[in-house]
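Visitor: Could you slot chain V onto chain E? The hints should help.
Chains as they are written, first to last, in this note's numbering: chain E, 59 to 524; chain V, 29 to 570.
Treat the hints with care, as some may be off.
What the hints assert, rightly or not - Simulated pairs of lysine-lysine, BS3-like, Cα-Cα distance not exceeding 25 Å:
1) Lys87/E to Lys100/E
2) Lys151/E to Lys286/E
3) Lys454/V to Lys87/E
4) Lys454/V to Lys433/V
5) Lys273/V to Lys292/V
6) Lys313/V to Lys333/V
7) Lys333/V to Lys407/E
8) Lys454/V to Lys86/E
9) Lys258/V to Lys273/V
10) Lys155/V to Lys176/V
11) Lys87/E to Lys433/V
12) Lys87/E to Lys99/E
13) Lys86/E to Lys433/V
14) Lys258/V to Lys281/V
15) Lys313/V to Lys479/V
Note that these hints are calculated values from the structure, not bench results.
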Amino acid sequence: MELVILKTDALFFILIASLLAYIFYASKKEHLARPWRSVLKKPMAASALTILAFYLTVAILDSIHFHPEIEGTSSDTPVYSSQVVSLLDEVLKPINKNTETTYSAPFAIYSYSKESQESDTGQIIRDYPRLIHAGSHLSGISEVRSDLIMRSLSALGYWIFAMAILCLILISLRVVKLKLMVADWLNLSTFFRPSPAQAAVITFAAVCLSISLVATVGPYYHILGTDKVGNDVLFQGIKGIRTGLLIGTLTTLIMLPFAVVLGVAAGYFRGWVDDAIQYLYTTLSSIPGVLLIAAAALMLEVFMTNNAGDFESVTARADLRFLCLCLILGVTAWTGLCRYLRAETLKLKESNYIEASRAFGVLSWSTISQHVLPNLMHIVMISIVLDFSGLVLAEAALTYIDIGVDPSMESWGNMINGARLELAREPVVWWSLFTAFLFMFVLVLAANVFGDSVRDAFDPRIRELD
Amino acid sequence: MSTPLLEVTDLSVSFGSDNGRETVLNRVSFSISRGETVVLVGESGSGKSLSAMSIVRLLPHAARIDSGSILLNGQDLFKLSERQMRNVRGASVGMVFQEPQSSLNPVMTVGAQIAESVRRHQGIRGKRLTGRVCELMDAVGINEPYEKSRQYPHEFSGGMKQRVMIAIALAANPELLIADEPTTALDVTIQAQVLELLKAIQAKQNMGMLFITHDLAVARQIADRIVVLKEGQVVETGTNEVFYKAPSHPYSKALFDAIPSWDKRLREGLAPSLDVRATLLTVEKLRVWFPVRSGLFEKKIPPNKAVDGVDLEIHEGETLALVGESGSGKTTLSKAVLQLLRPTAGSVHYADKDLCQIDSRQLRSIRSDLQIVFQDPYSSMNPRMLISDIIKEGMNAQNVGDSIKDRDDRAAHLMEQVGLEVGHLKRYPHEFSGGQRQRICIARALAVEPKVLICDEPTSALDVSVQAQILRLLRELQDNLGLTYLFVTHNIGVVAYMAHRVAVMYRGQIVENGNVQQVLQSPEHEYTRTLLHAVPRLDNNS
Numbered sequence: 059m060e061l062v063i064l065k066t067d068a069l070f071f072i073l074i075a076s077l078l079a080y081i082f083y084a085s086k087k088e089h090l091a092r093p094w095r096s097v098l099k100k101p102m103a104a105s106a107l108t109i110l111a112f113y114l115t116v117a118i119l120d121s122i123h124f125h126p127e128i129e130g131t132s133s134d135t136p137v138y139s140s141q142v143v144s145l146l147d148e149v150l151k152p153i154n155k156n157t158e159t160t161y162s163a164p165f166a167i168y169s170y171s172k173e174s175q176e177s178d179t180g181q182i183i184r185d186y187p188r189l190i191h192a193g194s195h196l197s198g199i200s201e202v203r204s205d206l207i208m209r210s211l212s213a214l215g216y217w218i219f220a221m222a223i224l225c226l227i228l229i230s231l232r233v234v235k236l237k238l239m240v241a242d243w244l245n246l247s248t249f250f251r252p253s254p255a256q257a258a259v260i261t262f263a264a265v266c267l268s269i270s271l272v273a274t275v276g277p278y279y280h281i282l283g284t285d286k287v288g289n290d291v292l293f294q295g296i297k298g299i300r301t302g303l304l305i306g307t308l309t310t311l312i313m314l315p316f317a318v319v320l321g322v323a324a325g326y327f328r329g330w331v332d333d334a335i336q337y338l339y340t341t342l343s344s345i346p347g348v349l350l351i352a353a354a355a356l357m358l359e360v361f362m363t364n365n366a367g368d369f370e371s372v373t374a375r376a377d378l379r380f381l382c383l384c385l386i387l388g389v390t391a392w393t394g395l396c397r398y399l400r401a402e403t404l405k406l407k408e409s410n411y412i413e414a415s416r417a418f419g420v421l422s423w424s425t426i427s428q429h430v431l432p433n434l435m436h437i438v439m440i441s442i443v444l445d446f447s448g449l450v451l452a453e454a455a456l457t458y459i460d461i462g463v464d465p466s467m468e469s470w471g472n473m474i475n476g477a478r479l480e481l482a483r484e485p486v487v488w489w490s491l492f493t494a495f496l497f498m499f500v501l502v503l504a505a506n507v508f509g510d511s512v513r514d515a516f517d518p519r520i521r522e523l524d
Numbered sequence: 029m030s031t032p033l034l035e036v037t038d039l040s041v042s043f044g045s046d047n048g049r050e051t052v053l054n055r056v057s058f059s060i061s062r063g064e065t066v067v068l069v070g071e072s073g074s075g076k077s078l079s080a081m082s083i084v085r086l087l088p089h090a091a092r093i094d095s096g097s098i099l100l101n102g103q104d105l106f107k108l109s110e111r112q113m114r115n116v117r118g119a120s121v122g123m124v125f126q127e128p129q130s131s132l133n134p135v136m137t138v139g140a141q142i143a144e145s146v147r148r149h150q151g152i153r154g155k156r157l158t159g160r161v162c163e164l165m166d167a168v169g170i171n172e173p174y175e176k177s178r179q180y181p182h183e184f185s186g187g188m189k190q191r192v193m194i195a196i197a198l199a200a201n202p203e204l205l206i207a208d209e210p211t212t213a214l215d216v217t218i219q220a221q222v223l224e225l226l227k228a229i230q231a232k233q234n235m236g237m238l239f240i241t242h243d244l245a246v247a248r249q250i251a252d253r254i255v256v257l258k259e260g261q262v263v264e265t266g267t268n269e270v271f272y273k274a275p276s277h278p279y280s281k282a283l284f285d286a287i288p289s290w291d292k293r294l295r296e297g298l299a300p301s302l303d304v305r306a307t308l309l310t311v312e313k314l315r316v317w318f319p320v321r322s323g324l325f326e327k328k329i330p331p332n333k334a335v336d337g338v339d340l341e342i343h344e345g346e347t348l349a350l351v352g353e354s355g356s357g358k359t360t361l362s363k364a365v366l367q368l369l370r371p372t373a374g375s376v377h378y379a380d381k382d383l384c385q386i387d388s389r390q391l392r393s394i395r396s397d398l399q400i401v402f403q404d405p406y407s408s409m410n411p412r413m414l415i416s417d418i419i420k421e422g423m424n425a426q427n428v429g430d431s432i433k434d435r436d437d438r439a440a441h442l443m444e445q446v447g448l449e450v451g452h453l454k455r456y457p458h459e460f461s462g463g464q465r466q467r468i469c470i471a472r473a474l475a476v477e478p479k480v481l482i483c484d485e486p487t488s489a490l491d492v493s494v495q496a497q498i499l500r501l502l503r504e505l506q507d508n509l510g511l512t513y514l515f516v517t518h519n520i521g522v523v524a525y526m527a528h529r530v531a532v533m534y535r536g537q538i539v540e541n542g543n544v545q546q547v548l549q550s551p552e553h554e555y556t557r558t559l560l561h562a563v564p565r566l567d568n569n570s
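With the rest of the complex left out, here is chain E:
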């Protein structure tokens, strides 16, 4: 295989690296480690973090792209297909490879729309055909239920087995003590008031169970149906995770430098610097964001059409469009945080320790980096976590008006966009919308719950008595 690094992949991995660096840095500094520890002490936050970790893993898997090797060629050097495929595609191959012709309901073995078929007597009748792949191992619809039950039970069996192996590994590594574990789990009241570790473990187990079910049932049925061209909807939903997650994180990465630099400069230096920056962000926040994004997207279209030769594949084009979307969202989103940071800097500037700094003759730049920035970090942190969910939802809205991600890229916004016409059909094709909604809802809910805990831990005003 030949590795392909898309622009957004590179930025994403830089972001992951800086996240790890931050974790390492924060573990050393007491004033950062303590609030983070109190965040993790809440069971809801631990649970939300587990779910976010799963989403992140999926996004990372989906960010490793390569050209797959073409089998069966006669040359000595490997030949690579021009198709760009990700690691996640490989993992989900059992689900993905079975494409049908058109819509089909979840767990159905018959297609959604009628086709002309030849009956046994040789007449041409219009009837629902059997699906090509889903349920092809069955002879009739009566067998579906028992087949599903069998497969679910075997999924349960695999899951119990996997959980047992995990417990054994953890016990042997002395991470968990057997006696404590048994005592905890037998005590039913823990399920109503779990400790954070227990909450995380329960969530982890629940997600593993669903993975197990998908892995056993998925190759044989379309769990969430198929879309207009027969692609598995569950697969599309999982692929949409990377898009949603990346919108949130990359936009924040682009937005932060603007907001922090301009906000702190405006608050610290006052005078004409403050006036100029205020005019800038007031003007920018007065322009409807959607118009700016639409203008930028259309300009990008023109650019790409004129320079069609520079882009080697549809994936590269889609990637560039995605990157530009993140850029333009970042450039329009910094105004809110900037205003907040400016106000906080104004307040901090009156502090005695900054006056003491000036009495030492410390240069402005040193004062800002040593005194102002560390005391602003909690606001930035809270802002990042809370804005994240807003951005994921914004992507869906933008795709709805055709200025979002490229249609060739799987995203929840695209699925919702398609649902516009699907819902008008009779009978209603609800499964695309449902899938997009389900994945988005879980992600945004987890992010919000986690964000609330972060805010409670870091906001100096709400902090509890230690």
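Guide: Relative to chain E, chain V alone:
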């Protein structure tokens, strides 16, 4: 004697969670009769405010009353329901709090806030209500009560706001008045007026008063009996006469010893004055005027003249005290001398240079000679920096010390000099007490080896015993290192204890300047006389 108005018996209160409870009041007992003033004296953390809050059952959520009883007119307050308690608060027990600035709602008129209490407990409305509000404001000595009742709190001065608070407390004619450090945040002249007012009202209404303070001199003025609290326990009680003549408990004696005064200075052997030395710093005709913008059309309003033509001389090795009340401009003056605020006019001469005129690079090189220690130890250090970094910040900026190792050594040495453990260098500010934090701030200022140290009320936020330690430390450092201090304060006792010369500031100008003995014992200016007269004295009832 009839039953006392208030009887607190074996009150025990603790804080904490299921993991561990900390007892903050331990079997506290005292009683108050009608017409009597009992003063609760103690340092911060002794539990005096908590005792007051327990009486009206307004303790914080995490507090729990472990045992004891509080009888008001024979009725056990702990047995009442919350609804019954609401009738007690305000109607039987009135409370006056410490900070008038934050105890009044800024968006309600003063009259409306007084009326709130009247309406709740006396049930009158309309014109009668307005009449009653004016009556109350008159009783607390506010002129033109009707016009003033329609003004907002920010239009009142600190002393006036406290009078309003007293009016609210008196609205329902309570039998017991609890005053929790009502004059601590006020200037000494205003404090004298408010204390007089409280005494007059108490006499007129025959109320019992529970007065809480940390200042023994204030207690002397109004107490009939004194109760001394230490760490949640009553260590001594006594009548005013007996207690001040001969306190029996060692803690009370220590409290008296810690109060700074002229006698204490002589006892500890500091010279009453210093021989004439070289002049280090000269301030000439310094002005700091703040422009006041008003209205849509920016009418010409005279500017706020915070410092208006000040002349000062500071001699080498001496302590010059700068005394004044709030709003006199002493903090503005000290910051202007250091060029942390740019003066509007005038000059500050140091080492043959005019600090107001030289460029920023030259100023930066002189900065190490002039340093400042701030008033509030809780906000003068960056909470997210380690102590070692805080102390080394100045050294890094001024290139003191040859290498990182050298600076670390100096930081360790400074910690020892100010009386702290070197091992605590790798801690954060919040892990230290107020007094320790102030020592760290002193160490930070000393790190760049200054010649002049401006101390802007460094001990106002500290307990009297901690204050005594910090003042002694400052004196020792002056002896050992030959420092010169410009000591800004409003506490005359501190001036008597620390200073060689004193300058009195009033409304942006220096009204009197001279040797401390001369100014304190025979003041010339009218304002100085008023100021000194208003200071509560320990030796006699004034």
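Visitor: Each of the hints needs a verdict: does it hold here or not?
Guide: Hint check results:
1. Lys87/E to Lys100/E: Holds. Lys87/E to Lys100/E sits at ~21 Å (cutoff 25 Å).
2. Lys151/E to Lys286/E: 20 Å, holds
3. Lys454/V to Lys87/E: Satisfied, since the Cα-Cα distance of roughly 11 Å is no more than 25 Å.
4. Lys454/V to Lys433/V: Holds, because 15 Å separates the two Cα atoms, which is no more than 25 Å.
5. Lys273/V to Lys292/V: With a Cα-Cα distance of about 17 Å, the restraint between Lys273/V and Lys292/V holds, given a limit of 25 Å.
6. Lys313/V to Lys333/V: 13 Å, holds
7. Lys333/V to Lys407/E: 23 Å, holds
8. Lys454/V to Lys86/E: 12 Å, holds
9. Lys258/V to Lys273/V: This hinted pair holds, its Cα atoms lying about 20 Å apart.
10. Lys155/V to Lys176/V: Holds, at roughly 16 Å.
11. Lys87/E to Lys433/V: 22 Å, holds
12. Lys87/E to Lys99/E: 18 Å, holds
13. Lys86/E to Lys433/V: 22 Å, holds
14. Lys258/V to Lys281/V: Cα-Cα ~13 Å, so holds.
15. Lys313/V to Lys479/V: 23 Å, holds
Hint compliance for this structure: every hint is met.
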